[in-house]
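With the hints as your guide, set chains Y and F onto chain Z.
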Amino acid sequence: MSAAVGVPAATAAPAAGRRAGRTGVLGLLRATGAGGMISAVVIAVAIVLAIIGPWIAPYNPDLPNLSLAWVGPVGGHLLGFDFEGRDVLSRLLAGAQSSMIGPLAVVVGAMVLGTLIAVVSAWRQGFTDTVASSGLDILFAFPGILLAVLAAAVFGAGLTAAAVALAIAYMPYVARVLRGAALRERGRPYTAALEVQGVSGTAICLRHIVPNMLPLIVAQATILFGWAMVDLAAISFLGLGVQPPAPNWGVMISENQPGILQGYPLPALAAGVCIVGVVIAFNILGERLFEQAQAVRR
Amino acid sequence: MSAAGAERDALLSVRDLTVTLPVEGAQRAVLRDVSLDIRAGEAVGLVGESGSGKSMTARAIDRLLPKGAQVEGEIRFDGADVARLTGAALRGYRTKVAMIFQDPRAHVNPVRRIGDFMTESLRTNLGVPAAEASKRAASMLGEVGIADGDRRLRQYPHELSGGMLQRVMIAAALLTGPALLLADEPTTALDVTTQAEVMAILDELRQAHGLAMLFITHDLDLAAAICDRTIVMYAGQIVEERRSELLHSDPLHPYTAALGGARPDIAQKASRLRAIPGRPLSAFEAPAAACAFAPRCAYAQPACTESVPDLAALGGGRSRCLRAADLRGQLEAAHV
Amino acid sequence: MLLASLLIASFVIFGALYLAPGNPISALSGGRALPPASLHVLEQRYHLDQPFFAQYWYWLDNALHGNLGISITLQENVSSVIAARMWTTGALVLYAAIIILIAGIGSGVVAALRPGWADSSVLVSTAVTAALPSFVAAIVLILLFSVKLGWFPALGNGTGFWSSVQHLTLPAIALAISSLAIVSRVTRAAVREEADREHVQTAISRGIPARQLIRRHVLRNAAIPIATVSGITIASLIAVAAVVETAFSLNGLGAYLVQAAESKDLAVVQGISLVLVAAFVLINALVDVLYAVLDPRVALGSRAQ
Numbered sequence: 001m002s003a004a005v006g007v008p009a010a011t012a013a014p015a016a017g018r019r020a021g022r023t024g025v026l027g028l029l030r031a032t033g034a035g036g037m038i039s040a041v042v043i044a045v046a047i048v049l050a051i052i053g054p055w056i057a058p059y060n061p062d063l064p065n066l067s068l069a070w071v072g073p074v075g076g077h078l079l080g081f082d083f084e085g086r087d088v089l090s091r092l093l094a095g096a097q098s099s100m101i102g103p104l105a106v107v108v109g110a111m112v113l114g115t116l117i118a119v120v121s122a123w124r125q126g127f128t129d130t131v132a133s134s135g136l137d138i139l140f141a142f143p144g145i146l147l148a149v150l151a152a153a154v155f156g157a158g159l160t161a162a163a164v165a166l167a168i169a170y171m172p173y174v175a176r177v178l179r180g181a182a183l184r185e186r187g188r189p190y191t192a193a194l195e196v197q198g199v200s201g202t203a204i205c206l207r208h209i210v211p212n213m214l215p216l217i218v219a220q221a222t223i224l225f226g227w228a229m230v231d232l233a234a235i236s237f238l239g240l241g242v243q244p245p246a247p248n249w250g251v252m253i254s255e256n257q258p259g260i261l262q263g264y265p266l267p268a269l270a271a272g273v274c275i276v277g278v279v280i281a282f283n284i285l286g287e288r289l290f291e292q293a294q295a296v297r298r
Numbered sequence: 001m002s003a004a005g006a007e008r009d010a011l012l013s014v015r016d017l018t019v020t021l022p023v024e025g026a027q028r029a030v031l032r033d034v035s036l037d038i039r040a041g042e043a044v045g046l047v048g049e050s051g052s053g054k055s056m057t058a059r060a061i062d063r064l065l066p067k068g069a070q071v072e073g074e075i076r077f078d079g080a081d082v083a084r085l086t087g088a089a090l091r092g093y094r095t096k097v098a099m100i101f102q103d104p105r106a107h108v109n110p111v112r113r114i115g116d117f118m119t120e121s122l123r124t125n126l127g128v129p130a131a132e133a134s135k136r137a138a139s140m141l142g143e144v145g146i147a148d149g150d151r152r153l154r155q156y157p158h159e160l161s162g163g164m165l166q167r168v169m170i171a172a173a174l175l176t177g178p179a180l181l182l183a184d185e186p187t188t189a190l191d192v193t194t195q196a197e198v199m200a201i202l203d204e205l206r207q208a209h210g211l212a213m214l215f216i217t218h219d220l221d222l223a224a225a226i227c228d229r230t231i232v233m234y235a236g237q238i239v240e241e242r243r244s245e246l247l248h249s250d251p252l253h254p255y256t257a258a259l260g261g262a263r264p265d266i267a268q269k270a271s272r273l274r275a276i277p278g279r280p281l282s283a284f285e286a287p288a289a290a291c292a293f294a295p296r297c298a299y300a301q302p303a304c305t306e307s308v309p310d311l312a313a314l315g316g317g318r319s320r321c322l323r324a325a326d327l328r329g330q331l332e333a334a335h336v
Numbered sequence: 001m002l003l004a005s006l007l008i009a010s011f012v013i014f015g016a017l018y019l020a021p022g023n024p025i026s027a028l029s030g031g032r033a034l035p036p037a038s039l040h041v042l043e044q045r046y047h048l049d050q051p052f053f054a055q056y057w058y059w060l061d062n063a064l065h066g067n068l069g070i071s072i073t074l075q076e077n078v079s080s081v082i083a084a085r086m087w088t089t090g091a092l093v094l095y096a097a098i099i100i101l102i103a104g105i106g107s108g109v110v111a112a113l114r115p116g117w118a119d120s121s122v123l124v125s126t127a128v129t130a131a132l133p134s135f136v137a138a139i140v141l142i143l144l145f146s147v148k149l150g151w152f153p154a155l156g157n158g159t160g161f162w163s164s165v166q167h168l169t170l171p172a173i174a175l176a177i178s179s180l181a182i183v184s185r186v187t188r189a190a191v192r193e194e195a196d197r198e199h200v201q202t203a204i205s206r207g208i209p210a211r212q213l214i215r216r217h218v219l220r221n222a223a224i225p226i227a228t229v230s231g232i233t234i235a236s237l238i239a240v241a242a243v244v245e246t247a248f249s250l251n252g253l254g255a256y257l258v259q260a261a262e263s264k265d266l267a268v269v270q271g272i273s274l275v276l277v278a279a280f281v282l283i284n285a286l287v288d289v290l291y292a293v294l295d296p297r298v299a300l301g302s303r304a305q
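Residue numbers (our numbering), protein chains in the order written: chain Z, 1 to 298; chain Y, 1 to 336; chain F, 1 to 305.
Hints should not be assumed to be uniformly reliable.
As the list claims (entries may be wrong) - No farther apart than 25 Å at their CA atoms in a straight line, the calculated lysine to any residue pairs in the SDA-like style are these:
no. : chain 1 : residue 1 : chain 2 : residue 2
1   : Y       : Lys135    : Y       : Gly115
2   : Y       : Lys269    : Y       : His218
3   : Y       : Lys135    : Y       : His218
4   : Y       : Lys67     : F       : Val186
5   : Y       : Lys67     : Y       : Phe284
6   : Y       : Lys269    : Y       : Phe284
7   : Y       : Lys67     : F       : Ser121
8   : Y       : Lys67     : F       : Gln55
9   : Y       : Lys67     : F       : Arg211
10  : Y       : Lys96     : Y       : Ala138
11  : Y       : Lys67     : F       : Arg185
12  : Y       : Lys96     : F       : Leu213
13  : Y       : Lys67     : F       : Phe161
14  : Y       : Lys67     : F       : Thr159
15  : Y       : Lys96     : F       : Pro209
16  : Y       : Lys269    : Y       : Ala298
17  : Y       : Lys67     : F       : Asp119
18  : Y       : Lys67     : Y       : Val23
19  : Y       : Lys96     : F       : Arg197
20  : Y       : Lys67     : Y       : Asp103
21  : Y       : Lys96     : F       : Ile283
22  : Y       : Lys67     : F       : Thr129
23  : Y       : Lys96     : Y       : Leu246
Unchecked claim - Simulated restraints, written as ranges between beta carbons of each label pair:
no. : chain 1 : residue 1 : chain 2 : residue 2 : range
24  : F       : Trp117    : Y       : Gly87     : 22 to 32 Å
25  : Y       : Thr193    : Z       : Glu291    : 55 to 65 Å
26  : Z       : Ala295    : F       : Asn62     : 46 to 56 Å
27  : F       : Ile98     : Y       : Leu126    : 36 to 46 Å
28  : F       : Leu113    : Y       : Arg28     : 40 to 50 Å
29  : Y       : Thr193    : F       : Pro296    : 22 to 32 Å
30  : F       : Asn62     : Z       : Thr130    : 32 to 42 Å
31  : Z       : Thr130    : F       : Ala37     : 23 to 33 Å
32  : Z       : Ala34     : F       : Ile98     : 34 to 44 Å
33  : Z       : Pro73     : F       : Gly158    : 42 to 52 Å
Claimed, not checked - In silico contact screen, one side only, chain Y against chain F (beta carbon under 7 Å); selected entries:
no. : residue
34  : Glu49
35  : Leu64
36  : Gly68
37  : His107
38  : Val108
39  : Asn109
40  : Val111
Hints were generated in silico from the structure; no laboratory data involved.
For glycine and all other residues, C-beta sits at the position ideal for the given N, C-alpha and C.
The shape of chain Z in the complex, shown without the other chains (with noise of 0.2 Å):
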């Protein structure tokens, strides 16, 4: 991916690594092993969940049947009921959506952002340079969920300003694990090349810099999504995230809870599991992604 002298070789070369950052993230996939693969899956059938969810679900999450409260399984009620006498299973397939939608966006927020500061600080350098990092380490000084529960006193709660919340206090991390790979990718020989052929700083950044940051994007993201869930469902657990009585995992434990002292800890537990189930996969994703990373980078 080194520039070599003369113009050909230097247009070659970039197109060359950014071919390689595209394949590369399958290949890195493949590469994760046995690990990296069951849980690509179970994070893919959480995915499709989410997005059908509601429609497959066999019964109705939302209505409640006291008669039929902290009911055992039976029949078709795989999980049996809840504290309202609904249906486990289908409030779990329905709240899937809630449970993922919100990580989502409070990944693609602070991946974002914590990217763009980080290459541009890593491209200008300097007095950008520390003026973002000075910041950065300020921010640090905010844990996730209390800025959530700050953002639901001021705006109410709810899944929007928890997920703006956890978006900005992720941001500093990400930014400050980016910044590292970019000031790299900024002292290899190729952004000089392109520098040298006129090309604009902001293209060399998003077409060239960003794309060779690839893996390790999607693996910070990846593990990034696994924080966010259970900061998001802690929050919901909490009473300030997803407002019951709408479907989400963390809301469902807390609602739940009661019925563990009471000897019905089935649907508490249910929940729990989806949660953890889906958190460890992105967990040994992210890692194995992340080791992939690294040696792609060497």
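Same frame as chain Z, now just chains Y and F:
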């Protein structure tokens, strides 16, 4: 092979040392049939390129081989079988054989003070009380040319330059009163000026304390400068052993001649640098039944690729070349 | 640097008042209708007739003197509410920190020094527990140890020392469990890395006995990254404590923060947020100091990430 009489006198005696390491699942040879003797007070140089096995030899002698290494052959120090030492006997051995490493900054613990580093072995293995150990350390620092020893002892390694740190390492090695020094490329990581200073100190102290030394380097001339005898290694085997002053004028192996010729002489005019064609082999790449150097050798003949030549005595030294006797006198002309 | 963080954080906390939809008065009152006298008190207290920065200054000044305003919902001084609940949260975080340090660092060291089944079991268990959010851990723990086994009480604070410890045990474990995994992993990696370093070879070549070698050259050096990660992890417990307190119905600061956020009692939210962020910054500062103490190469305040 050295005469039986010499074997009796030798402080360190290595016989048919073969070491294999696990590399990607299989055991690969890194040393083959290495045999050498070092007598008390004698300085022997061990020269070779990367992968020749010179560092590995020193590590084998000091029992610092990586996990999974398999060792065949015998190493005897002062008559005792080194491989069988355990516990207190092994610790005692380690106070008598001291190793000086290549990169001082990596080999000294950065979070402990210099004084701690220097006196650790004295206090732990020889039971010397702390105050006495510090005194000895400070005075040894003086011997290696570091003034203000007491203050230095309280400093941390990052406060000292590379050259000073190497002198500290040498001083620390001498504190336990060893009989043998294993110096593994002690000056390679230093700049040229510091190199000269450290070499001078090493040479001076060695002679002053009457220590034997195995001096490992890739620089033929450096070894020849301070060692009485020099051993040349290639691909995990010894290919020549010679008195240092005869290395250039009467080498016994084409590889030695080529090494000597590859180094540009400042007094010479030349139009190209002479490099040995091909690349140096590691021990595990060496063929099992041929001379390892044959592919790169200007004097190779078909017989050279049929079996591994023996290390034979010749003219006061040893050579692992089938044609050594024939080529004597011609090899010097190989490097102009 | 950390002081700047604290200042900026307090600014954000205060400024949240203005980010709220509507005017500051409605935000402070949480949308409730208040009698004019109370409104007047609020205006006075928050100096709402003054420019923004002056208001910020008054608020900060008051905060530093221990006056954090009045809770709309409880009609009490925020500071006294905080003081009452501080100990619960503090004890919970301390308890969890102890668990993390002993179990996390301990398992990491064992895994690094004894490869084989000990190592594998630590790796597997940390992979599982790393993904366990504290509220899920909470319900599992309540199910297992409270309901099924009856070893620990499920909810509430308990009175008296031993009762409190009992009541805090499950919450502390729930709080510690996912952080434990990270600390264990990092410890294992750090110890393995240190064991491979060249200066350890030097010590071996001098015949230093194995126990002393591990203690003085491997563990001592590994302590640097281990301490850093442990410190950061413990600092982050402060935020997650809110979730655990809610799950176990403990009357700590975190639980109260959540309730105040739900009822839009902004003064309380601001007050508790300020205290929590200050604690967070304080712990980070301590980690910086510890790092400089452990690593003589590093000057204070320049902790490399």
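- Task: Quickly compare the C-alpha distance for Lys96/Y and Ala138/Y to 25 Å and report which way the hint goes.
- Result: holds (21 Å)
- Query: Quick one, are Lys67/Y and Thr159/F close enough, alpha carbons at most 25 Å?
  - Reply: The given pair, whose Cα atoms are some 56 Å apart, is violated under the 25 Å limit.
- Are the Cα atoms of Lys67/Y and Thr129/F separated by 25 Å or less? violated (32 Å)
- Message: Using the nearest Cβ pair, does Asn109/Y come within less than 7 Å of chain F?
- Response: holds (4 Å)
- With a cut-off of 7 Å, does the beta carbon of Gly68/Y approach a beta carbon of chain F closely enough for the hint to hold? violated (13 Å)
- Message: What's the verdict on Lys96/Y and Ile283/F, does the C-alpha distance respect the 25 Å limit or exceed it?
- Response: Status violated; Cα separation ~49 Å.
- Determine whether the Cβ-Cβ distance between Thr193/Y and Glu291/Z falls within the hinted range of 55 to 65 Å. Taking Cβ atoms as reference, Thr193/Y and Glu291/Z lie about 44 Å apart, which means the hint is violated.
- Message: Range first: 34 to 44 Å. Now tell me if the beta carbons of Ala34/Z and Ile98/F are that far apart.
- Response: holds (37 Å)
- Verify the proposed pairing of Lys67/Y with Val23/Y, using a straight-line Cα cut of 25 Å. holds (11 Å)
- Query: Keeping to a limit of 25 Å between CA atoms, is the pair of Lys67/Y and Ser121/F held or broken?
  - Reply: Measuring from Cα to Cα gives roughly 23 Å; hence the hint holds.
- Pairwise beta carbon distance, Leu113/F to Arg28/Y, judged against the given window 40 to 50 Å: violated (28 Å)
- Message: Run the distance test for Lys96/Y versus Pro209/F: straight-line Cα separation, threshold 25 Å.
- Response: holds (16 Å)
Checked against the numbered hints listed earlier, the structure breaks hints 3, 6, 8, 13, 14, 21, 22, 23, 25, 28, 31, 33, 34, 36; every other hint is satisfied.
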